[in-house]
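There are 2 protein chains.
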Amino acid sequence: MWFWRLKTSLSVSFRHIRKCTTYTKARQIWEIISSKPPENGVPLKLQGWVRSIRSQKEVLFLHLNDGSCLANLQVVGTPDMGTSDLTFGSAVHVEGRLLPSAHPGQEVELHADRLEVIGPCNAKEFPFKAKKRHTMEYTRQFPHLRARTNSFAALLRIRSQATSAIHKFFQDQGYVEVHTPVISSNDCEGAGELFQVEPASSTVLKEISEDSGKETKHFFDVPAFLTVSGQLQLEVMASALSRVYVFGPTFRAEKSLGRRHLSEFYMVEAELAFTQTQEDVMEVIEMMVKQPTEQILASCPDDLHLFYKFVSPGHREVVEKILTSKFIRMTYTEAIDILRKHSENFKFRPEWGHDLQKEHERHLVRHCGSVPVFVTDFPRDLKPFYARDNGDDKTVAAFDLLVPEVGELFGGSLREERLETLQDRLDRLGLSSSYQWYLDLRRYGSVPHGGFGMGFERYLQCILGVPHIRDVIPFPRFPHSCKM
Amino acid sequence: MWFWRLKTSLSVSFRHIRKCTTYTKARQIWEIISSKPPENGVPLKLQGWVRSIRSQKEVLFLHLNDGSCLANLQVVGTPDMGTSDLTFGSAVHVEGRLLPSAHPGQEVELHADRLEVIGPCNAKEFPFKAKKRHTMEYTRQFPHLRARTNSFAALLRIRSQATSAIHKFFQDQGYVEVHTPVISSNDCEGAGELFQVEPASSTVLKEISEDSGKETKHFFDVPAFLTVSGQLQLEVMASALSRVYVFGPTFRAEKSLGRRHLSEFYMVEAELAFTQTQEDVMEVIEMMVKQPTEQILASCPDDLHLFYKFVSPGHREVVEKILTSKFIRMTYTEAIDILRKHSENFKFRPEWGHDLQKEHERHLVRHCGSVPVFVTDFPRDLKPFYARDNGDDKTVAAFDLLVPEVGELFGGSLREERLETLQDRLDRLGLSSSYQWYLDLRRYGSVPHGGFGMGFERYLQCILGVPHIRDVIPFPRFPHSCKM
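Which chain is which? The protein sequence lines are A and B, in order. Take 1 as the starting number for the first sequence in the numbering used here and just add one per residue. Take 1 as the starting number for the second sequence in the numbering used here and just add one per residue.
Extracted from the complex, chain A is given alone in its bound form (with noise of 0.2 Å):
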């Protein structure tokens, strides 16, 4: 009853605020253009940055962009607006009227009475030029200018929306997200090589140090480090909520200076308790991949078609069979068979008990007809000591899925509930110690569960066949480069 009064007040409350901001404020070319039925005679305020400028006799043509779309809006002022100020890439202000436009494909223009430039941009030190298709390897050399290109600008809408869309999959089906946290003491779970933190002052560690009475070497302690899963901690809250996910920074300090390798990346990793199989985990991925690529698809037609165009011709086709194809399952041992048929193609001989090299997975996934493969039923020596035993002395329940392009998109298991197993695993490995709190897990209700996670910017790559990952991710970081 509490609620419902308050909910009625506040949406008046709220109304009446957005209204007031739309009427004072300037408009976005996002509301503009996606107004139905078109606002024409309505006055307003517009600002944003010149992409274009035409200047005839009677006429000033600009194309204005915002950056809240990749449309731009056509604005038609008189020849005395066009000041020396008003260049490309210059940011202006413009008050006029919206009337039907004569432009095909857009069906307003605003007629500007006042125009004014707010931010000039000298055109010749600007690193964009009107009208030229400045090449991913080029815009690179900017990270802080290269939102003001159409293909990256796109990328991030993109990207913003491909987040909200996978958030929007977990939470509909009732997953709990959690942060798991960044800086870890898990050091020894080995997927990777590890960046290490401490205070960059010494002092701090020595008010620590003063403030607890003992001298510690460590602002923790104890070694602390950049997460390289969340998995572990997924594992926790699992063993509580059920089902669970993490969106967030990984990192690896790694020398790689590949097209599909960051040392900072997003992964999207979730937890499930109760499951049964592998399939049990990967029905949820096959749907992971399909609803929110299906969404992207609906919600950012123009930006999505700025890169089938221009950047990846062809790669519609690649993700729509992704889209429309039910994924192969097959095993790590029927892989190897299938991949021995063929040794000869490879540089790498295709061995059980070794792992899947690049070209193993580009065969594989060109094998299945360019559809996405899961390789389950992995050896066990080639996965981590959470995978849950197969009981064949031989082989675990981890898998991959391989995808077009990309290959390596997902890695996912059952974990090992059962604690004798768990504990022996650990013993073998001389880490038991440390693993204390992941064996209480399995001391205290424990329940059959399992997981994966997915690489955002290879997710990326995959559906806009983008080819370097440094193009899909705001401010890339690998070794030697860590700009702003």
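I should point out that these hints are in silico values taken from the structure, not numbers from a laboratory. Predicted model, so just to flag it, every value in this text is computed and none were measured. For glycine and all other residues, C-beta sits at the position ideal for the given N, C-alpha and C. Treat the hints with care, as some may be off.
Listing some non-contacts, in silico: residues in chain B with all C-beta distances to chain A over 12 Å [stated by the list, open to error]:
1) G96
2) E107
3) T135
4) E193
5) D211
6) E254
7) R259
8) T331
9) R340
10) E405
11) R443
From the structure, some residues in chain B lie toward chain A, with a derived Cβ separation under 10 Å [unchecked claim]:
12) G67
13) N122
14) E125
15) R140
16) F142
17) T149
18) A153
19) I183
20) F195
21) F220
22) A224
23) P249
24) G258
25) H261
26) M330
27) H480
Given the coordinates of chain A, assemble chain B onto it according to the supplied hints.
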């Protein structure tokens, strides 16, 4: 057209998948409880953890919880199902049929045909006991198990809903979410002590040096730190996309062990291009407090009720007042005038040019009737270099939002967009050379803009009335402590 066809065909296949999932898998309690009309007679599987057991002559009552909601489902079995393994905290699998319940407040109960303990729990060693309310100080000692308590599970669900509500607020208003980097080479913003990042293994540095043919002391060639704020990178993006936000982790290497400080915490930051006044930014903040809070109240009534009943009685009224009041605005100078009239109450004498102390913040909020207060136009020397100069040679367009109980919840400002003014400021501070990229944003189409940051954990403290910040984050990090 293509999208439409795709969408139709997919939504058919998703329905198919979802139906299979529901049918073959165990159900979650929130689905069962929220099902209208109640699913009387439906056979189903259920899995969860035992919260209570009551054995009578003819019948065995269990309360099961699976973390999907606060409520337990009552299970009715036969006395022979009560094996010695069936204890508080154990995990069970039940198959049975839903029937109308005589229990008040629950429409259905599960009559068990089969009950199996899948994960026993040594109730003596398990740190939580049946029907006992544990204090937050006590549960905090078991970060890997505390999600098994009602109150921390409720906190996690509310935290997830709050995250979702904040994303929804920004997405609805056309903001683009930007993942600003966690690792950053900005080192002089002065927001606090920094954590520095290097590879844990020195081998990596050696490899990188060899790789590039020149020796390097740092993985990224320059010192790199954990971010204290994504603001500067958000400004980059607002200079192209107009409205952007980030919801991510930030870090402080400070020795503080207080109730409002963590070494790793979450910040919500937004940046808006084309602002005119501080009011433009404050309006967004006021909506950003009210709309998501209203949504959380509507989506988590039971979990919130637990807090308002047991953790912070009376706090519901505090929140209701925040939601229904117009936030107060006063300048810093007015605030100092108010405080000086009550100087005798304070340990720290309020004086123009000095920072507000916690006791001052508390007084100002009480003075305004326990309504949130914006304190605007701070002295220039108290705010960072980027705050926009008011032109009075004294103050800048920067403000804080103070809220009941928590104190400072938001900080925000207009950013200096005038090239010369900013250049002068940076020159005086000796920072010009490291901020050329930041000056570039003012060289190429600069626009007036502003933004804000909110500490997410403090927001949760504010709406839940939780005194200690360590009780609103899954894995708290602070000096001497980085568990798991």
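* No chain A beta carbon within 12 Å of B:E107's -> Non-interface label on B:E107 holds, nearest chain A Cβ at 19 Å vs cutoff 12 Å.
* Asked: Are all beta-carbon distances from B:E193 to chain A longer than 12 Å?
  -> violated, 5 Å
* Asked: Against chain A, with CB atoms and a cut of 10 Å, does the hint on B:F195 hold up?
  -> Where the cut-off is 10 Å and the nearest Cβ of chain A is about 5 Å from B:F195, the hint holds.
* Asked: Holds or violated: is the Cβ of B:G67 closer than 10 Å to a Cβ in chain A?
  -> holds, 4 Å
* Interface hint status, B:P249 versus chain A (Cβ within 10 Å) -> Holds: closest Cβ of chain A sits about 5 Å from B:P249, inside 10 Å.
* Does the no-contact call for B:E405 survive, Cβ to all of chain A over 12 Å? -> Check passes; 20 Å lies beyond 12 Å.
* **Satisfaction of the B:R140 interface hint, Cβ to chain A closer than 10 Å** => At about 14 Å, which exceeds the 10 Å cut-off, the nearest Cβ of chain A leaves the hint on B:R140 violated.
* Asked: Holds or violated: is there a CB of chain A closer than 10 Å to the CB of B:E125?
  -> holds, 7 Å
* Taking the least C-beta to C-beta distance, is B:M330 closer than 10 Å to chain A? -> violated, 20 Å
* Can we trust that B:R259 is non-interface, i.e. its beta-carbon lies farther than 12 Å from all of chain A? -> Non-interface label stands for B:R259: nearest chain A Cβ at 16 Å, farther than 12 Å.
* **Interface restraint verdict for B:H261 against chain A (beta-carbon cut-off 10 Å)** => Not OK, violated: B:H261 not within 10 Å of chain A, min 13 Å.
* **Least C-beta distance between B:E254 and chain A, which was stated to exceed 12 Å** => violated, 7 Å
In this structure, the hints that do not hold are numbers 4, 5, 6, 11, 15, 24, 25 and 26, in rising order.
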